[in-house]
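J.: Sequence:
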Amino acid sequence: MQLIRHLKDEELTDLLLEADQRELQQTLAAVPNQLRLRTERPEWFWQKQQAAIRERVGATRSPAWRLLPACAGALGVAVLATTLLDHGRRPAPPAPQAQNVSDQELMIAVEQAVQTDVPDALAPAALLADEISNAQSGSASNRFPKENKHEN
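To convert a position in the sequence shown, counted from 1, into the numbering used here, add 25.
Hints may be right or wrong, so weigh each one.
Listed next, the in silico SDA-like pairs over lysine to any residue satisfying Cα-Cα at most 25 Å (straight line) [as the list claims (entries may be wrong)]:
| no. | residue 1 | residue 2 |
| --- | --- | --- |
| 1 | 73 | 83 |
| 2 | 73 | 84 |
| 3 | 73 | 60 |
| 4 | 33 | 52 |
| 5 | 73 | 61 |
| 6 | 33 | 46 |
| 7 | 33 | 43 |
| 8 | 73 | 63 |
| 9 | 33 | 45 |
| 10 | 73 | 59 |
| 11 | 33 | 44 |
| 12 | 33 | 47 |
| 13 | 73 | 62 |
Listed next, with one range per pair, are the computed distances between beta-carbon atoms [claimed, not checked]:
| no. | residue 1 | residue 2 | range |
| --- | --- | --- | --- |
| 14 | 124 | 163 | 41 to 49 Å |
| 15 | 59 | 36 | 28 to 36 Å |
| 16 | 155 | 118 | 49 to 57 Å |
| 17 | 76 | 103 | 39 to 47 Å |
| 18 | 47 | 67 | 55 to 63 Å |
| 19 | 107 | 66 | 52 to 60 Å |
Derived by calculation from the structure, the hints in this document are not laboratory data.
C-beta atoms are modelled at their ideal positions from N, C-alpha and C, and glycine is treated no differently.
Construct the complete structure from the given sequences, taking the supplied hints into account.
T.: So this is what it looks like as C-alpha cells:
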C-alpha cells in the first residue's frame with residue numbers, strides 16, 4: 026500500500042488500466058471454452074427440445090379442409106369478376122382489308138377528288154344529293170306500270 030501512496034495520479038491510472046486490461050484478457054480468453062461447455066447438452070435434452078418444437082408447430086397448423094371454403098369463395102369472385110369485365114367489352118372492329126387497286130384506277134380517283142368543288146366536310150352530303158337526283162331521274166323512266174306476269 027505504501028507503494029501506491031508514492032505514485033502520482035498518472036502512474037496510478039496507468040497501473041489500474043494495465044490491471045483491468047489483464048483481467049479482461051483472461052476473461053475473454055475463457056469465453057470460447059465456457060461457451061462450448063454450456064452448449065454441450067445430453068441427447069435427451071435435444072430430443073425433448075425437438076418434441077416441444079414439433080408440438081408447437083403442430084398446434085399452429087390448421088387443417089387444409091378449413092381453407093377450402095375461403096379458396097372456393099375467392100375462386101368464385103375471380104370468375105365472376107372476369108365474366109363481368111369481359112361482358113362489358115365490345116368486340117374489336119375487323120381490320121380494314123387492303124383493296125387491290127391498279128395504278129390507273131388510283132390516278133382516276135385522285136383526279137376526281139382534286140376536281141370536285143365540294144369541301145371535304147360536305148362530300149357525304151354531295152354524294153347523298155347525287156343519289157337522290159339519280160333516283161328521281163330513274164323513277165321518271167319507271168312511270169309506266171309493269172305488266173304483271175301472273176295476270177290472266
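J.: All hints are to be evaluated individually against the structure, with a verdict given for each.
T.: Hint check results:
no. : hint                   : result
1   : 73 to 83               : 15 Å, holds
2   : 73 to 84               : 17 Å, holds
3   : 73 to 60               : 21 Å, holds
4   : 33 to 52               : 29 Å, violated
5   : 73 to 61               : 20 Å, holds
6   : 33 to 46               : 20 Å, holds
7   : 33 to 43               : 15 Å, holds
8   : 73 to 63               : 17 Å, holds
9   : 33 to 45               : 18 Å, holds
10  : 73 to 59               : 23 Å, holds
11  : 33 to 44               : 17 Å, holds
12  : 33 to 47               : 21 Å, holds
13  : 73 to 62               : 19 Å, holds
14  : 124 to 163: 41 to 49 Å : 28 Å, violated
15  : 59 to 36: 28 to 36 Å   : 34 Å, holds
16  : 155 to 118: 49 to 57 Å : 28 Å, violated
17  : 76 to 103: 39 to 47 Å  : 42 Å, holds
18  : 47 to 67: 55 to 63 Å   : 36 Å, violated
19  : 107 to 66: 52 to 60 Å  : 57 Å, holds
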